[in-house]
Amino acid sequence: MSESKIIDARNTFCPGPLMELITYMKQANVGDTLELLSTDDGSAADVPEWIHKVGHEMVSSEKIEETWHIKVRKIK
Amino acid sequence: MRILIVGGGTGGTILANQLVRRLKDEIRAKKVRITLLSDSDRHMYQPGLLYVAFGQMAPDQLYRDEASLLESSIKFHVDAVTEFHLDRNQVKTKSGKTHDYDILAIATGARIVPQEVPGMSEGAETFYTEEGAIRMHKRLMEFKGGTVAMVVSIPHKCPVAPVEAMFMLHDFFKMRGIRDKVKLQYKYPVNHVHATANVARWAKPEFDKAGIEYETLFNVREVDPVKKIVYSEEGTECKYDLLIAIPPHRGMEMIEANNLGQGGWIPTDRFKLTMDGHENVYVIGDASNVPVSKTGSAAHFEAEIVAENIASVIKTGVPVREYDGKVYCFIEAGYDRATYNAFDYVNLPELKPPSKAIHWFKVAYNQLYWTTVRGLL
Numbered sequence: 001m002s003e004s005k006i007i008d009a010r011n012t013f014c015p016g017p018l019m020e021l022i023t024y025m026k027q028a029n030v031g032d033t034l035e036l037l038s039t040d041d042g043s044a045a046d047v048p049e050w051i052h053k054v055g056h057e058m059v060s061s062e063k064i065e066e067t068w069h070i071k072v073r074k075i076k
Numbered sequence: 077m078r079i080l081i082v083g084g085g086t087g088g089t090i091l092a093n094q095l096v097r098r099l100k101d102e103i104r105a106k107k108v109r110i111t112l113l114s115d116s117d118r119h120m121y122q123p124g125l126l127y128v129a130f131g132q133m134a135p136d137q138l139y140r141d142e143a144s145l146l147e148s149s150i151k152f153h154v155d156a157v158t159e160f161h162l163d164r165n166q167v168k169t170k171s172g173k174t175h176d177y178d179i180l181a182i183a184t185g186a187r188i189v190p191q192e193v194p195g196m197s198e199g200a201e202t203f204y205t206e207e208g209a210i211r212m213h214k215r216l217m218e219f220k221g222g223t224v225a226m227v228v229s230i231p232h233k234c235p236v237a238p239v240e241a242m243f244m245l246h247d248f249f250k251m252r253g254i255r256d257k258v259k260l261q262y263k264y265p266v267n268h269v270h271a272t273a274n275v276a277r278w279a280k281p282e283f284d285k286a287g288i289e290y291e292t293l294f295n296v297r298e299v300d301p302v303k304k305i306v307y308s309e310e311g312t313e314c315k316y317d318l319l320i321a322i323p324p325h326r327g328m329e330m331i332e333a334n335n336l337g338q339g340g341w342i343p344t345d346r347f348k349l350t351m352d353g354h355e356n357v358y359v360i361g362d363a364s365n366v367p368v369s370k371t372g373s374a375a376h377f378e379a380e381i382v383a384e385n386i387a388s389v390i391k392t393g394v395p396v397r398e399y400d401g402k403v404y405c406f407i408e409a410g411y412d413r414a415t416y417n418a419f420d421y422v423n424l425p426e427l428k429p430p431s432k433a434i435h436w437f438k439v440a441y442n443q444l445y446w447t448t449v450r451g452l453l
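Read top to bottom, the protein sequences are chains S and H. Sequence positions in the first sequence follow my numbering and run 1 to 76. Sequence positions in the second sequence follow my numbering and run 77 to 453.
Any given hint could turn out to be false.
Unchecked claim - If you anchor each label on the Cβ, the simulated ranges turn out as follows: (1) S:42 <-> H:389: 33 to 41 Å; (2) H:301 <-> S:57: 18 to 26 Å; (3) H:301 <-> S:42: 32 to 40 Å; (4) H:117 <-> S:44: 26 to 34 Å; (5) S:59 <-> H:166: 42 to 50 Å; (6) H:161 <-> S:42: 41 to 49 Å; (7) S:59 <-> H:437: 41 to 49 Å.
Said to hold, decoys possible - Stretch-level coverage of chain S by chain H, calculated; a stretch enters the list once three of its residues show a Cβ under 8 Å from a Cβ in chain H: (8) 6–12; (9) 16–25.
Quick caveat, the hints were computed from the structure, so don't treat them as lab data. Each residue gets a CB set at the ideal place from its N, CA and C atoms; glycine is no exception.
Please construct the entire structure, taking both the sequences and the accompanying hints into account.
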């Protein structure tokens with residue numbers, strides 16, 4: 001069964017939101033959905049670029065107040 | 077009040093010494109007892125490994141006896157913890173002893189796991205262990221020319237080390253007079269040459285100036301040590317003559333074995349530094365899942381906050397401060413220049429132009445570290 005995990009990378013600069021996401025993607029099972037919370041506007045472009053290049057799936061991306069909520073699914 | 081610290085690295089040692097300084101009267105009156113358990117009688121200055129790889133420090137310069145760094149009132153035992161029983165406020169050790177506590181601090185650090193990337197152990201050099209740094213130095217001295225590639229795994233300790241190593245490789249081969257025969261390639265897992273935007277903004281033109289080639293979005297998947305090719309998760313590959321790897325890391329095995337956190341990283345409140353669901357358990361440094369760099373610097377500042385709060389809770393019943401995410405890391409920009417990276421949860425680092433003065437301060441800090449862990453600096 002798929003699970004959804006929240007990765008709170010708000011207000012972090014090093015190692016930063018995408019590295020946090022990749023760390024948790026490595027630990028996740030195929031089919032898992034992860035939601036990255038980021039206050040770095042760069043995440044809105046950086047995360048989809050990596051997801052598309054590596055071959056996972058973008059589920060959604062939206063900014064609510066100051067926080068980006070980026071949902072991705074591990075598919076391989 | 078029994079305070080038990082597990083781990084004798086940077087965080088655990090600073091915490092123990094700072095607690096003694098803050099609670100000396102209570103310790104003298106036998107109202108407080110501080111015990112530190114470690115799996116080693118030696119303390120390593122881990123940032124020195126980079127210098128060992130380039131022949132600038134000898135391996136024995138990295139070590140001090142842990143007992144020599146600790147205040148005499150600390151009960152220090154070399155006896156690795158094997159079991160955590162947080163529900164009973166107890167740990168058990170390799171020797172079979174049980175230690176009860178009122179407050180526990182876990183500062184067990186991280187370990188490298190190159191074996192999780194097929195071929196990495198056989199095909200790549202690394203400076204993240206003493207043996208690795210010595211071997212890497214030998215390989216560098218023997219290297220006659222070709223492609224030197226660096227790959228960076230996630231997660232890893234000391235996020236500026238890969239950048240520093242590239243600049244040092246550039247200067248190393250220049251000094252050997254063979255820089256024109258060496259192609260330097262840097263492969264990095266996220267979209268920029270460093271995870272921190274301002275470090276990337278500074279490092280990219282410096283790489284260009286030094287003729288260091290780079291590829292981003294390269295997450296190492298496999299190393300073929302026979303064909304000398306490293307492959308990425310993203311479907312690209314790189315042929316190399318000498319491969320240097322920043323290996324992936326995990327928390328310590330006994331953290332995972334005791335189900336304290338996935339990957340060995342303990343879920344921790346990023347401000348209070350307490351383990352989620354356990355108000356009397358603090359987590360310091362690499363062992364936590366706090367979203368800051370896994371560095372001695374973070375462990376140092378976290379240890380100071382935890383020491384201050386534990387002492388305050390004992391004296392007044394309330395903690396005094398929260399951790400603000402403070403980290404300060406030097407960044408070597410070659411053999412004779414350095415800058416630094418200072419930030420917290422709110423403030424992005426603003427890098428200064430590299431200078432010789434900062435480099436020499438870093439060289440001095442390589443010795444001053446021993447005053448830091450004693451809780452003096």
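Right, here's what the structure says about each hint:
no.: 1; hint: S:42 <-> H:389: 33 to 41 Å; result: holds (39 Å)
no.: 2; hint: H:301 <-> S:57: 18 to 26 Å; result: violated (33 Å)
no.: 3; hint: H:301 <-> S:42: 32 to 40 Å; result: holds (36 Å)
no.: 4; hint: H:117 <-> S:44: 26 to 34 Å; result: violated (50 Å)
no.: 5; hint: S:59 <-> H:166: 42 to 50 Å; result: holds (43 Å)
no.: 6; hint: H:161 <-> S:42: 41 to 49 Å; result: holds (43 Å)
no.: 7; hint: S:59 <-> H:437: 41 to 49 Å; result: holds (47 Å)
no.: 8; hint: 6–12; result: holds (count 4)
no.: 9; hint: 16–25; result: holds (count 6)
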